[in-house]
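Required output: the full structure, derived from the provided sequences and hints.
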Amino acid sequence: MEISQLKNFLAVLEHGAISQAAQQLGVAQPALSQSIARMEKSLGVKLFERSRSGALPTAAALAIADDVKSGLFRLDEATRKARATRKGLAGSLAIGLVSSALFDVLPKALHNVRRHAPDLEITLKEMGNDELASALELGMVDIGLMHAPVKVAGHMYEKILRRDRLVAAVPTTLARYMPSEIDLARIAEIGLVMYPQDQLPVFYAGITDGIRKAGHKVKINMHANRTLTVMACVAGGMGIGLLPSWIRTLDFPGVTFLEISDSHHLPDFDLVAICSAKSVAAMDLLFADV
1 MEISQLKNFL
11 AVLEHGAISQ
21 AAQQLGVAQP
31 ALSQSIARME
41 KSLGVKLFER
51 SRSGALPTAA
61 ALAIADDVKS
71 GLFRLDEATR
81 KARATRKGLA
91 GSLAIGLVSS
101 ALFDVLPKAL
111 HNVRRHAPDL
121 EITLKEMGND
131 ELASALELGM
141 VDIGLMHAPV
151 KVAGHMYEKI
161 LRRDRLVAAV
171 PTTLARYMPS
181 EIDLARIAEI
191 GLVMYPQDQL
201 PVFYAGITDG
211 IRKAGHKVKI
221 NMHANRTLTV
231 MACVAGGMGI
241 GLLPSWIRTL
251 DFPGVTFLEI
261 SDSHHLPDFD
271 LVAICSAKSV
281 AAMDLLFADV
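Going by our numbering, the sequence shown opens with residue 1, and the numbers climb by one from there.
A few of these clues could be false.
[Stated by the list, open to error] Capping the alpha-carbon separation at 20 Å, the derived lysine to aspartate or glutamate pairs in EDC-like fashion look like this:
1) Lys219 <-> Asp262
2) Lys159 <-> Glu126
3) Lys219 <-> Asp198
4) Lys151 <-> Glu131
5) Lys217 <-> Glu189
6) Lys151 <-> Asp130
7) Lys278 <-> Asp119
8) Lys159 <-> Glu137
[To be verified] What follows is a list of derived Cβ distance ranges for each label pair:
9) Asp119 <-> Tyr177: 54 to 62 Å
10) Val27 <-> Asp104: 44 to 52 Å
11) Thr173 <-> Arg226: 16 to 24 Å
12) Glu137 <-> Met222: 28 to 36 Å
13) Lys46 <-> Ala277: 50 to 58 Å
14) Glu49 <-> Asp119: 40 to 48 Å
Derived by calculation from the structure, the hints in this document are not laboratory data. We treat Cβ as the ideally placed atom computed from N, Cα and C, and that holds for glycine.
Here is the structure:
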């Protein structure tokens, strides 16, 4: 039997009349009658008793109805999954991410997956920016949520997810004696807790060059390779961290966030999604509302 015959059978069963089923299916009544007749011949049973009032299902028709519905449903599901897989919206997807993507961006992306691509199995891998660039190049992750600017070899696609200005994470023991803002001169005097240079080389250079252009010497007290580690060091009085403004949504004991009065000397801290061509559809779905 052909799939079209099964669909025709269910339409006649639902409407109880060849004419109404034909109208719904958009086919001629004689063609629909012939399709039902071929199905009856194939099964060796009569499926409908035809009369002027309509088409009454026989016991044989009622007996197979649930199986036909179930079979067509599974076929439709298989077709949908196959098409979704071809578009990169089913199967597995490995997402590598820096810690700042955990806030706001990732929850929205996972909500979009559950709503629009429930067959997509997500694996999350938290990494540093430099690790993530290598993982993308080697195909270890399909999409990278990372800080820009960054160089990733190969033909990649990029989407800006969030653009943050920098704020100062200051030890609360110092901040209580300060106004609501701090300038680069005071930051340079106290010294910085910074991400390692090899982790974010362009960002690192942007900060150090900006401080120098503002007329101050760069003093780096300590390096820390994760945002929460930077804040822990700040809380311990090791210096001031320059962090993206989303960080103000967190309450970290011992750390106070202050605006930087002359922040125009400093770079923004962009969060981007990067992927190869095969994952563009998935990236667009995950971050459709960005």
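Hints not upheld, ascending by number: Violated: none.
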